[in-house]
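Just so it is clear: in the sequence shown, position 153 is 153 by UniProt numbering, and no numbers are missing.
Careful, some of the hints might be misleading.
Claimed, not checked - Simulated pairs of lysine-lysine, BS3-like, Cα-Cα distance not exceeding 30 Å: (1) Lys391 x Lys175; (2) Lys266 x Lys339; (3) Lys175 x Lys266; (4) Lys413 x Lys274; (5) Lys348 x Lys393; (6) Lys450 x Lys266; (7) Lys450 x Lys504; (8) Lys339 x Lys281; (9) Lys274 x Lys175; (10) Lys274 x Lys348; (11) Lys393 x Lys313; (12) Lys274 x Lys504; (13) Lys266 x Lys281; (14) Lys450 x Lys339; (15) Lys393 x Lys281; (16) Lys471 x Lys281; (17) Lys450 x Lys348; (18) Lys471 x Lys358; (19) Lys451 x Lys281; (20) Lys339 x Lys274; (21) Lys358 x Lys505; (22) Lys175 x Lys348; (23) Lys413 x Lys266; (24) Lys393 x Lys406; (25) Lys266 x Lys451; (26) Lys281 x Lys175; (27) Lys451 x Lys339.
Derived from the structure by calculation, the hints contain no laboratory data.
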Amino acid sequence: MAAWLVATSFHKILNWQNLINIAHRFVSRTRSSDLAKLPLRCYKAVAFFAFYSCSPDFAMAIADPDRPPTSADLAICTVVFGHSTFLGRSLVSSLLSSGRWTARVADTLPPPSPGPIHPDLASYCHVDVTDPSSLRSAVAGAVAVFLVDPLPSFPSRPPVGDFPRLHELSVIAAKSLISACRQSGVRRLVYTGSADVVFDGENDVCDADESLPYPDAYEDAINELRMQVEVLVLSANGMDDLLTCALRPSIIFGPEDPYFVHFIVKEARSGIAKFVIGNGKNICDCTYIDNVVHANLSVESALSSSPASVAGKPFFITNDEPVELWEFISYILENLGYKRPTFHIPAKLVLLVISLLKRVGDKLNGGVSSHVLSAATVHTLSSSRTFDCSKAKNQFGYSSIVSFQKGLDLTVKSLPRLEDLGNSQETRSEADRMLGSGVVADILLWRDEKKTFALVVTLFVLFYWLFLSGKTFVASSARILMVVCLSLFIHGILPSQMFGFNLKKIPSSCFEVSESTMRCIFLTLASLWNQGILAMRLLAQGDDWSIFFKVRNLT
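Full structure from sequences and hints, please.
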């Protein structure tokens with residue numbers, strides 16, 4: 001009876017929730033070999049604690065439903081690049097809403113304003129990602145760290161001159177973070193990169209699983225940087241009891257997406273989105289933002305409960321609903337008020353134009369290319385990339401919590417908040433009002449895509465042939481005339497129908513010139529000739545030519 005009174009008094013006085021947290025952290029951070037060395041009285045104390053924890057009064061004392069959780073009741077995690085990235089912001093919001101975590105947001109940007117959603121559960125650390133000591137303070141005391149890929153997502157591509165900065169934000173930051181985690185005793189590190197680490201930039205990737213190796217070479221340097229970060233993270237698994245894994249989401253999208261949707265709107269404003277690059281049938285896997293966040297939380301839980309199944313391994317994350325990429329783009333364009341792209345351009349032709357534009361930019365800008373699209377972007381928009389996420393389903397129970405169509409509808413509903421990025425077709429621009437509705441306006445304003453594209457290609461070829469080919473103007477003009485004559489000759493001898501296709505022949509009347517037209521042309525030339533001769537005679541009759549030449553010689 002005395003023992004019961006003592007126990008009752010102690011469990012009313014002490015903060016049992018803190019005892020549970022301390023015991024949980026002690027056991028989670030202690031190796032199994034060290035636990036075996038504990039004396040017998042420690043296990044008796046644990047048994048005594050477990051016995052009295054069954055008391056209803058005790059359960060109410062440690063889990064009061066009326067008392068909201070405080071930072072002392074929750075585990076600490078750190079999200080690196082949790083403010084500057086689209087995924088990072090969503091991940092931090094979900095962590096704070098889960099009721100399990102207090103979050104530290106480590107980023108290179110200044111602190112956000114206004115503050116976090118839960119200011120009592122979140123803190124912000126402005127860090128230098130290249131300095132392990134700076135990151136050490138951000139991860140100290142954390143049991144889990146989430147590293148979010150800070151590089152621009154598909155299909156946005158930064159200038160080539162930004163590569164050193166991107167290398168610093170990705171590879172150097174990963175090395176510093178791994179060092180800080182090992183020194184601070186962090187137990188779990190989850191890296192979220194991209195599925196494009198297995199995409200070489202040219203060949204299609206169809207239903208690939210995690211056994212597919214990295215390509216030997218990358219067309220896109222950003223994907224190569226992601227591969228290097230992933231290798232660093234997975235190689236660190238098991239070092240100083242650190243457990244790591246990597247997630248590979250494919251084409252993340254969602255409300256307020258600053259990458260994919262922003263790219264579509266930008267290209268729509270420039271007129272490029274009127275064209276489909278390739279045949280438009282390429283299939284891609286996309287991933288809604290909430291599903292990527294769900295995968296992060298699930299794999300972190302698996303690292304804690306069953307690390308052998310996930311530690312040191314990569315996992316593809318998708319909505320598991322492959323779609324036609326250009327159908328996806330067209331759906332978003334329609335909801336922005338633009339027309340669906342209907343004019344198909346072969347990818348090889350686009351690559352040829354990009355190559356020529358690059359050469360022109362190199363000559364005109366002193367080696368600084370100013371082309372709109374890169375070859376890597378063209379291949380990304382015209383290639384198929386699908387991935388098998390069965391391994392994630394089997395190893396840590398991943399499943400998409402938001403379907404593709406629902407995620408697309410939620411994204412479309414957020415588009416009115418992106419009005420500063422898009423233009424409505426209902427409002428006419430000043431250029432539209434000034435040019436009117438003639439043929440010139442149709443070509444300049446991309447109303448007739450075929451005519452505009454044909455004119456642009458023709459002008460570019462003429463400009464390159466006459467001025468940038470390295471030949472004289474006369475030689476270039478002669479070659480153009482020769483090509484035109486040869487083309488007309490071949491066109492003239494071709495039959496009106498070939499292989500079941502009707503060829504539109506140019507009628508001979510187009511090359512006929514009437515007698516009255518020729519008479520007007522020759523009369524005009526004769527008049528110009530006579531005016532020139534008359535001007536020369538008037539100049540020759542002057543008496544001051546000798547004085548003029550004397551003054552010219554003196555000067």
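Sort out which numbered hints this structure fails and list those numbers smallest first. 3, 5, 9, 16, 21, 22, 26
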